[in-house]
Amino acid sequence: MRDVDGPDASSCYRPYRRADKPDQFACGLVSLNTVAGILVSLIQQDFGRNVYTIKEVVSEIRDKETRRQLAVLPYQLHFKQPFPEYVKLVTEFSKKTGDYPSLSATDLQVLALTYQLEAETVGVAHLKTEPEKKKVHTVFISPEVPAVLQSGEDQENAGEDGSEGDSDDGEGWITPDNIKRIQQGMGHCDAPASVQVGCVTTDFAMQNVLLQMGLHVLAMNGMLIRQARSYILRCHGCFKTTSDVTRVFCPHCGNKTLKKVAVSVGADGTLHMHFSRNPKVLNTRGLRYSLPAPQGGKHASNPHLAEDQHFPQQRLSRKARQKTNVFDPDYIAGVSPFAENDIYSRAANLQIRDAALGAGRRRMNPNIATKKFVRKR
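For the sequence shown, my numbering assigns the number 1 to the initial residue and increments by one for each residue that follows.
Calculated directly from the structure, the hints in this document are not laboratory data.
Some clues are possibly wrong.
Said to hold, decoys possible - 25 Å max Cα-Cα, derived DMTMM-like pairs, lysine to aspartate or glutamate:
no. : residue 1 : residue 2
1   : 260       : 203
2   : 80        : 63
3   : 88        : 60
4   : 259       : 130
5   : 259       : 132
6   : 256       : 307
7   : 80        : 60
Taking the hints into account, I'd like the entire structure generated from these sequences.
So this is what it looks like as structure tokens:
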């Protein structure tokens, strides 16, 4: 198994023709500065007849320029809330793919709305309930063979130039002039004509969940994303990997040092891991100071340091459950199941609280102005 340090090339796009405009779209994403870009892109590309979103996506927009663009949209923006059962289904699926930590509550609702529109329009028979697991074959690579000596002419040219002879003629590069020709040669120009529901998002975690479920995803430029990313967990302590993305602690060394790494499988079955060059991937938060002393008691809040660590159940006492359980045969009818606030007694007027509620001399608002007694001279 070898590691490849480079960008993830697993996301492929193909153009989406205007003639195949889907009937319904779900719009939403995480970053606030691209919400307006998606809505403006929907105007320019003119794909989709009905655009659906949730109110949480629009409520995240704060700047005036974006709100001004939303006020003059040439089409109607439909707001629809997904059903709770679809939100639960999408949440469980994202946990299996390993994208759940990267998704917010708004993202999960947008995913659930896309699933709901697909179920109402097409059905759910073609959708997947479990993510596909790729078969990984470990391949041992032999040492590299020494390069063949160059010919005499090549050696002379190399000696004259003193370099490898890099050329900047642009051959092999993808430019705006040749991108259409390259896409036609790869056979990626045709889009399925039976697409009726799609989701417009630029978040890679959302795209991965949608594609693995069998839903259609479109980018802002109208390109149909057709390949999803795959992730594994890699321990940066013992450098072991695991395909179980639901784990929190390393199954080999037991430390909480698992990080998500994008992977791709080559044609020969070799597993390639794509690492990030960002040093902030390995977060050092919590490593500066020592851990606090463990707390005891029923409602202790201790950090989760081991997989087999015991935690208190934090259940109510039997007496506390009897006070509010009206169906209990030992329920006392004279005791009200609702909370009562005493506002007429002398203790309430003097703001003297019970010890269970926090005794002591205190004011409800420490910033309020109070009159102090000053003896006149």
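A quick look at each hint next to the structure:
1. 260 <-> 203: OK: residue 260 and residue 203 at ~16 Å, within 25 Å.
2. 80 <-> 63: holds (23 Å)
3. 88 <-> 60: Within the cut-off at roughly 23 Å; holds.
4. 259 <-> 130: The given pair, whose Cα atoms are some 22 Å apart, holds under the 25 Å limit.
5. 259 <-> 132: holds (21 Å)
6. 256 <-> 307: Answer holds: residue 256 to residue 307 is near 9 Å, not above 25 Å.
7. 80 <-> 60: With Cα atoms ~16 Å apart, residue 80 and residue 60 stay inside 25 Å; holds.
Checked against the numbered hints listed earlier, the structure breaks none of them; every hint is satisfied.
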